[in-house]
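Top to bottom, those sequences are chains L and D.
The working numbering numbers the first residue of the first sequence as 1 and each following residue consecutively.
The working numbering numbers the first residue of the second sequence as 1 and each following residue consecutively.
I should point out that these hints are in silico values taken from the structure, not numbers from a laboratory.
It should be emphasised that the depicted structure is a prediction, and the values quoted were computed from it without experimental measurement.
Do not rely on the hints blindly, as some may be mistaken.
To be verified - Facing chain D, according to a computed beta carbon distance under 8 Å, are these residues of chain L, among others:
hint	residue
1	49
2	50
3	52
4	74
5	114
6	127
7	191
Note that CB positions come from ideal geometry on N, CA and C, so glycine has one too.
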Amino acid sequence: MGWRQRNAIPDLGVGVGFRTPHVTHVLSQRPPMEWFEIISENYFAEGGIQRANLERLASAYRVVPHGVSLSIGGTDALDTKYLARLRDLVQRLDAPWCSDHLCFTGWGGVDVHDLLPMPMTRESLAHVVERVKRVQGTIERPFALENASSYLEWRGSTMAEHDFLAEIAERADCGILLDVNNVYVSAYNHGFDARAYVDAIPADRVAQIHVAGHTDKGGYLLDTHSAHVRDEVWDLYRRALRRAGPTSTLVEWDEDIPAWDVLAAEAERTRAVRAEALGGAAAARKEGEWVTAS
Amino acid sequence: MGDGQLEQLQRFVVDAIRGGPSPVEPEHVRESARGMTPAERVEVYREQYRIRHHKNLADDYPTLAWAIGGAEPFTGLVDEYLAAHPPRTWDLQRLGADMPEFVGNHAKWGSSARACDAARLDWAFMEIFDAPDAPPFDTSVLASTPEDRWPEARIELLPALRLVAMQSALQQVRDALRAGHQPAEPPQAETRVVVWRDKACFLRHVAVDPGAYDLLARLRAGDPLGPACEAAARAAGEDAARFGERVGAWFAQWTANAWIARVHV
Chain L
1 MGWRQRNAIP
11 DLGVGVGFRT
21 PHVTHVLSQR
31 PPMEWFEIIS
41 ENYFAEGGIQ
51 RANLERLASA
61 YRVVPHGVSL
71 SIGGTDALDT
81 KYLARLRDLV
91 QRLDAPWCSD
101 HLCFTGWGGV
111 DVHDLLPMPM
121 TRESLAHVVE
131 RVKRVQGTIE
141 RPFALENASS
151 YLEWRGSTMA
161 EHDFLAEIAE
171 RADCGILLDV
181 NNVYVSAYNH
191 GFDARAYVDA
201 IPADRVAQIH
211 VAGHTDKGGY
221 LLDTHSAHVR
231 DEVWDLYRRA
241 LRRAGPTSTL
251 VEWDEDIPAW
261 DVLAAEAERT
271 RAVRAEALGG
281 AAAARKEGEW
291 VTAS
Chain D
1 MGDGQLEQLQ
11 RFVVDAIRGG
21 PSPVEPEHVR
31 ESARGMTPAE
41 RVEVYREQYR
51 IRHHKNLADD
61 YPTLAWAIGG
71 AEPFTGLVDE
81 YLAAHPPRTW
91 DLQRLGADMP
101 EFVGNHAKWG
111 SSARACDAAR
121 LDWAFMEIFD
131 APDAPPFDTS
141 VLASTPEDRW
151 PEARIELLPA
161 LRLVAMQSAL
171 QQVRDALRAG
181 HQPAEPPQAE
191 TRVVVWRDKA
201 CFLRHVAVDP
211 GAYDLLARLR
221 AGDPLGPACE
231 AAARAAGEDA
241 ARFGERVGAW
251 FAQWTANAWI
261 ARVHV
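Let's have the full structure, built from the sequences with the hints guiding it.
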């Protein structure tokens with residue numbers, strides 16, 4: 001039995017990120033959307049508007065937390081207070097899984113709030129595996145690691161990123177959040193084959209897929225989540241779906257955030273691409289199954 | 001790469017991103033397939049570090065930025081701040097936690113009451129944004145508490161409430177900036193402001209009487225009501241009985257604003 005089956009990871013369909021410009025619309029109008037992803041750390045506080053809004057959101061939609069600051073690859077000790085808050089959040093939401101990035105975010109107590117690439121070595125691999133096990137043991141929910149976009153490569157790396165990620169997932173027995181835009185961005189920046197990357201990811205461990213837009217900075221691509229999904233990324237999405245089957249998919253749009261209708265249309269396009277990639281029955285299963293507020 | 005090199009590399013890149021003078025050691029980083037040098041590749045992260053944290057602090061400190069003359073001097077101040085106080089928590093809401101003290105000790109701005117007041121005002125709003133919620137105040141305690149027990153009562157204020165004393169009405173500047181307007185010069189007068197998050201989670205502020213402010217500060221410090229009132233009356237140079245009458249009116253307002261979380265008798 002594969003990881004997804006063992007952990008009863010559901011296919012939630014296509015969702016979007018819950019972001020500030022849309023909060024009033026979403027909470028007051030409760031538009032059709034199959035699920036929402038939240039940035040975990042924004043909802044760790046003991047009070048205030050964020051927590052209140054999350055309670056209202058979760059009363060109407062499925063919500064999955066996605067972190068940016070766990071620093072699973074960091075050499076600083078795992079932050080036990082952070083983990084306690086993550087555990088509390090995951091349990092409050094009864095989330096089917098939660099996720100963060102395969103990266104480190106700081107060193108020596110300094111948090112640079114970025115997703116820094118790991119040197120892909122046996123030492124790193126063992127280090128991350130150990131920490132993922134600790135995280136999963138603490139939060140008592142399935143945990144998925146996302147491949148991050150990156151802009152530099154370490155000379156000391158001895159493994160391809162897809163092998164590194166796949167082996168971590170296997171040895172730590174965790175899931176994978178496959179961000180196909182990140183695959184595309186890193187493939188462009190580092191000159192590897194994006195399709196081979198997608199093909200190397202163990203399909204039965206893919207808990208979720210991210211799609212997003214990026215920015216061409218001339219010389220490199222920057223993962224800005226500030227635009228429509230590019231055709232090349234849709235192609236990778238189709239490829240991933242054909243391997244993994246129906247998989248919860250999230251449209252990320254975090255800068256230059258458009259009006260709700262534009263974002264909803266991007267989600268609708270994602271559904272169309274998904275239906276086309278999966279074909280027939282698997283895609284049709286989702287039709288008419290909107291999570292609509294009561 | 002051998003044992004221990006993971007930490008070494010992490011230290012290298014974090015130091016490089018934070019802007020060390022000559023941080024790039026090319027042996028650590030590959031040139032890109034598209035011709036970017038190791039230094040250029042690290043620069044991508046350095047630039048994002050700076051953009052992200054400058055934007056964050058600009059959002060958090062609009063009044064301070066105005067008080068010191070706008071975007072250009074604020075950029076310089078933030079560069080100095082980030083060098084002295086690099087982010088040490090995952091919580092970006094807390095990135096500017098040391099700014100009021102930093103401004104207070106700053107060679108140029110430490111002597112500017114306007115800059116120091118603005119920093120404390122902006123940070124008060126940051127703190128109340130996600131301060132813990134309080135259960136609704138049980139107003140029945142007001143009627144059920146015997147009169148002779150009130151002097152020893154300790155009043156617990158809302159966790160999401162801060163007191164800010166300033167030498168000018170900078171809260172008006174903050175309001176204007178947040179509304180997208182050019183602020184007028186604020187009235188130059190001692191100003192006492194209560195900043196709080198209301199039941200609907202709106203962030204609010206109101207200027208209060210200096211006597212009320214002093215009493216709130218003493219209550220917040222844990223003084224019992226009776227001694228706090230006596231001390232505040234003395235500080236205001238007022239007769240205790242007359243001050244007590246004013247306290248009654250203030251309490252009605254504080255209760256209406258839900259500033260009182262609990263009364264411990």
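So, against the hints stated earlier in the document, which numbers end up violated here?
none
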